[in-house]
Amino acid sequence: MVSLALDQVGARYGRREILSNSSTPPIEGGALTALVGANAAGKSTLFRRIAGQLRGAGTVHIRGAEQADLRYMPQDTAMSAALTVYESIILALKQGGGGWRLSARELAAVDDVLDRFGIAHLSERQLPELSGGQRQAVSIAQTLVTRPKVVLMDEPTSALDLYRQYEILEALRRYARETGAVMILALHDLNQVMRSCTTTLALACGRVVVTGPTLEVLTPAMIRQLYGIDSRVERCSQGCPMMIVDGPAATTVGA
Amino acid sequence: MSSISSATTTAFAATDHAGSYRGLVARRLTILAGLAALLVLSVAVDVSLGPARYALPDVLRTIFAPGAAELQMRVVVWDIRMPMALLAVTVGASLSLAGAQMQTILANPLASPFTLGLSAAASFGAAMAMVLGVAVFPAAVGLMVPINAFAMAMAASLLIFGLSTLRGVTVETIVLLGIALVFSFNAALALLQYFASEQALSAVVFWTMGSLAKATWGKVAITAAILVVCTPLFMRRAWALTAIRLGETRAAAMGVPVKRLRLEALLLVSLLAAVPVSFVGTIGFIGIVGPHVARLLLGEDQRFFLPGAMLSGAVILSATSVLSKAILPGAVLPIGIITALVGVPFFAALILTKGRKAW
Ligand SMILES: Nc1ncnc2c1ncn2[C@@H]1O[C@H](COP(=O)(O)OP(=O)(O)OP(=O)(O)O)[C@@H](O)[C@H]1O
Ligand SMILES: [Mg+2]
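Protein sequences, first through last, are from chains A and B.
In terms of UniProt numbering, the first sequence opens at residue 1 and continues consecutively.
In terms of UniProt numbering, the second sequence opens at residue 1 and continues consecutively.
Some clues are possibly wrong.
To be verified - Here are the simulated distance ranges between beta carbons: (1) A:R15 - B:P138: 45 to 55 Å; (2) A:G247 - B:P109: 43 to 53 Å; (3) B:V40 - A:R15: 53 to 63 Å; (4) B:A180 - A:A78: 23 to 33 Å; (5) A:P213 - B:A180: 52 to 62 Å; (6) A:A78 - B:V75: 53 to 63 Å; (7) A:G247 - B:R236: 58 to 68 Å.
What the hints assert, rightly or not - Residues from chain B that keep clear of chain A, each with C-beta distances beyond 10 Å, as calculated: (8) A36; (9) A55; (10) T165; (11) F346.
Don't read these hints as lab results, they were simulated from the structure.
Ideal Cβ positions, reconstructed from N, Cα and C, are used throughout, including at glycine.
Assemble the whole structure, with the sequences as input and the hints as a guide.
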């Protein structure tokens, strides 16, 4: 089984230290893990640090996989290249190496992610012609076509409609189950987190403040600390936990 | 899952995506073959045209059986027209490839040897030789102009290269620096022209118009050799170069060493652009149009885009060479003028009708 743990991890842009002293117990693969925190808390920065794009203190321990098995999906999905969706996914697949020719197996891998994320009908469309949500789905497919064992996705559902959010989170969950991959998703919608993610990391002001089972992390007290919002966590009529927003917290101001 | 999703899935289950992708690849190969055929045709017409009127069959016979041809025709075809026609091909291909990769690594549709100051630097170097008689390197008098031009173009691109190795330099900074270089070298050139003698001035003006008239087999061989060296180096990086067009972060997330790739490509591009520019003067337009034509026809998968950009650049410059002889019978107009005069409207029409999806 793949697992990932942070040990006193920090990160900086030039002189500015953004992330410091962040540690977690091993995060196990096979299910979705959420990374939550306010805007500018350092979620994207943490991802870049884990992906090796930023340097910093501490170590990222990955067990059961290599750095080459890691894929990071950036938050920004803008793509202006004159490529079709199909070509862009082939491209992602081919970065690992290999010549100009495409094997039947490679083409099958592309077909697989197209179907998995419901974008098969877009395969011949040009990237700049896609809608924001379509681009996000394509971006997810690009990230997973190599079947990575460690996956970091920066707000993978931010541009999706309600139905597609559900469908794609389900597809991601299935991917995690099938491959045993560690999948960390930065998410802003706490209801999505409660429904889909078994583990949650909470980040505040550049530090991982808590890591644990989602419902134990996302308590009203923690939500108030992270976002400055008063809320209740209740069960819907079908037993699914959900967060209900009451309003801005009276005492604390949002981070 | 839901009814919508199953409806979508069944509606498209019949489509064979891998199959239609193979179709796309076949279409692109056909387009490349078409461009190659067009190039051969254009070169043939180019060789058959000139102040001396020869029939195309006679010209072809002189090319394929030079021994049987009469001496004067052999000299005209082999020593004058062939080098010119082939230099148009190698220079067009080099400038267009250089422009294509500049646009790719700098994520800017306006990047080209022209807009990044290489042509302006070359003009200044050439003018130094023609006006002041100053050689950057000691060289034979006949070679002073191209060597000066090359040295200046190379210096400009190495300056850009050096700056882009600095920390925190973004692609925007590099492009802005290139534009600053254009203005600086143009100002320096104007200063030289201000003090130049009548005769030197006209030489400078003629040089900056761009011309294939000084073509020799040696120049053809040098430009071809540079292409032969650089093209495979770009081809080996085809997937990474294509990935860079998805954005720097995304490419890096896919494992592309973005910064190193950009520096390698900049070095190759400098060489590719500096030599042709020093031989033929300012033919700036090719470096922008060639890649854009290729992008419209073939997309940006470098497996097709790279040869496509070379072929379209070569076709455009070769066709321009034909036009430069055909417009005024008996005269050969400077090719730099024709590229801009004829090329710009053609280019505008192409972009406006095809629709600009990318960029
Ligand atoms: N390239 C950069 N250079 C300097 N500072 C940066 C850079 N990128 C981010 N920062 C700073 O780092 C801090 C954390 O940013 P980060 O993008 O990691 O936040 P985030 O948690 O992903 O926020 P969001 O939810 O808005 O995406 C912010 O204060 C931001 O200004
Ligand atoms: Mg972010």
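Right, here's what the structure says about each hint:
1. A:R15 - B:P138: 45 to 55 Å: 48 Å Cβ-Cβ, so the 45 to 55 Å window holds.
2. A:G247 - B:P109: 43 to 53 Å: holds (48 Å)
3. B:V40 - A:R15: 53 to 63 Å: holds (59 Å)
4. B:A180 - A:A78: 23 to 33 Å: holds (27 Å)
5. A:P213 - B:A180: 52 to 62 Å: holds (57 Å)
6. A:A78 - B:V75: 53 to 63 Å: At roughly 58 Å between Cβ atoms, B:V75 and A:A78 fall inside 53 to 63 Å, so the hint holds.
7. A:G247 - B:R236: 58 to 68 Å: holds (59 Å)
8. A36: holds (18 Å)
9. A55: It holds; B:A55 is separated from chain A by about 43 Å at its closest Cβ, greater than 10 Å.
10. T165: holds (17 Å)
11. F346: The assertion about B:F346 holds, with a minimum of 19 Å to chain A.
Checked against the numbered hints listed earlier, the structure breaks none of them; every hint is satisfied.
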